[in-house]
Amino acid sequence: EPEVTQTPSHQVTQMGQEVILRCVPISNHLYFYWYRQILGQKVEFLVSFYNNEISEKSEIFDDQFSVERPDGSNFTLKIRSTKLEDSAMYFCASSEGRGGLKTQYFGPGTRLLVL
Amino acid sequence: GNSVTQMEGPVTLSEEAFLTINCTYTATGYPSLFWYVQYPGEGLQLLLKATKADDKGSNKGFEATYRKETTSFHLEKGSVQVSDSAVYFCALSLYNNNDMRFGAGTRLTVKP
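Chains A and B supply the protein sequences, listed in that same order.
Numbering-wise, my numbering puts 58 at position 58 of the first sequence, and it's gapless, one number per residue.
Numbering-wise, my numbering puts 72 at position 72 of the second sequence, and it's gapless, one number per residue.
A portion of the hints provided could be inaccurate.
Calculated lysine-lysine pairs in the DSSO-like style (CA-CA distance at most 30 Å, straight line) [unchecked claim]: (1) Lys83(A) x Lys57(A); (2) Lys56(B) x Lys42(A); (3) Lys60(B) x Lys111(B); (4) Lys42(A) x Lys102(A); (5) Lys52(B) x Lys68(B); (6) Lys83(A) x Lys52(B); (7) Lys102(A) x Lys52(B); (8) Lys83(A) x Lys56(B); (9) Lys42(A) x Lys57(A); (10) Lys52(B) x Lys57(A); (11) Lys57(A) x Lys111(B); (12) Lys111(B) x Lys102(A); (13) Lys83(A) x Lys111(B); (14) Lys56(B) x Lys68(B); (15) Lys78(A) x Lys52(B); (16) Lys102(A) x Lys57(A); (17) Lys78(A) x Lys102(A); (18) Lys57(A) x Lys78(A); (19) Lys42(A) x Lys78(A); (20) Lys83(A) x Lys42(A); (21) Lys42(A) x Lys52(B); (22) Lys60(B) x Lys57(A).
Label pairs and their in silico Cβ distance ranges [stated by the list, open to error]: (23) Arg80(A) x Lys111(B): 44 to 52 Å; (24) Gln41(A) x Pro112(B): 24 to 32 Å; (25) Ile60(A) x Gly41(B): 18 to 26 Å; (26) Lys111(B) x Glu18(A): 40 to 48 Å; (27) Ser58(B) x Glu18(A): 41 to 49 Å.
FYI, nobody ran anything at the bench for these hints, they're computed from the structure.
This structure is a prediction, so every number in the text was calculated from the model and none was measured.
Don't be surprised by glycine CBs; every beta carbon is placed ideally from N, CA and C.
Turn these sequences into a full structure, and let the hints guide you.
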């Protein structure tokens, strides 16, 4: 069964450093997403991406964040200058279409620790 | 706004006990409703979903019925197993929105 994959599974970085989290969505999916889950808290939406541009973003997704689909398979989340509060599990997801009728399939996550 | 409220955990049950995890929602439109499960050390897996009122989603012995009149989508299982120990998330998604709204999650521990 096709699945969303993410790399790395764990990332430790120093505050102020840039990190890039990578995702390979399911191959025939058109919509891509990033969510985060701070330890012990809710899963929160960050951004959705379609047709090579951001379609929606939350208030969490500020100028420190950017997303890119650099080739036909990868989808990346970049955090330019990490802060301690960016420590979280980051989930990538993809879906065939937009909105509630199309299920979002999640990857296993990347656990980011900012020191 | 659009949101999901789940019963607080943790929930601890003995094997073969009956499980209910309550979930209610608030939405401006007609949401699709989901239950995701997160096993220890893993990501979110779709457990079941329902896209319209009175639909019942089911998978692996779990069931949830979309109740528009009570704005609820409670998760049930008749006989839990140790392997069901995980965190369960209720979520909604609107037709015209891409972001899913998750509940806080309910940690279930099943003891032999």
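What's the verdict on Lys42(A) and Lys57(A), does the C-alpha distance respect the 30 Å limit or exceed it? 17 Å, holds
Verify the proposed pairing of Lys42(A) with Lys78(A), using a straight-line Cα cut of 30 Å. 21 Å, holds
For the pair we were handed, Lys42(A) and Lys52(B), check the Cα-Cα distance against 30 Å. Status holds; Cα separation ~24 Å.
Taking only the CA atoms, is the gap from Lys102(A) to Lys52(B) under or equal to 30 Å? 13 Å, holds
For Lys78(A) and Lys52(B), compute the direct alpha-carbon distance and say whether it is at most 30 Å. Not satisfied, since the Cα-Cα distance of roughly 36 Å exceeds 30 Å.
Would you mind confirming whether the straight-line C-alpha gap from Lys83(A) to Lys52(B) stays at or under 30 Å? 41 Å, violated
Restraint status (C-alpha distance of Lys60(B) to Lys57(A) at most 30 Å): Measuring from Cα to Cα gives roughly 34 Å; hence the hint is violated.
Please test the hint of 24 to 32 Å on the beta carbon pair from Gln41(A) and Pro112(B). 30 Å, holds
Holds or violated: are the alpha carbons of Lys102(A) and Lys57(A) at most 30 Å from each other? At roughly 18 Å apart (the allowed maximum being 30 Å), Lys57(A) and Lys102(A) satisfy the hint.
Has the hinted range 41 to 49 Å been met by the Cβ atoms of Ser58(B) and Glu18(A)? 44 Å, holds
Straight-line alpha-carbon gap Lys83(A) to Lys42(A), limit 30 Å: Holds: Lys83(A) and Lys42(A) sit about 19 Å apart, inside 30 Å.
30 Å Cα cutoff - pair Lys57(A), Lys111(B): At roughly 41 Å apart (the allowed maximum being 30 Å), Lys111(B) and Lys57(A) break the hint.
Going through the hint list in order, the structure does not satisfy hints 6, 8, 11, 12, 13, 15 and 22.
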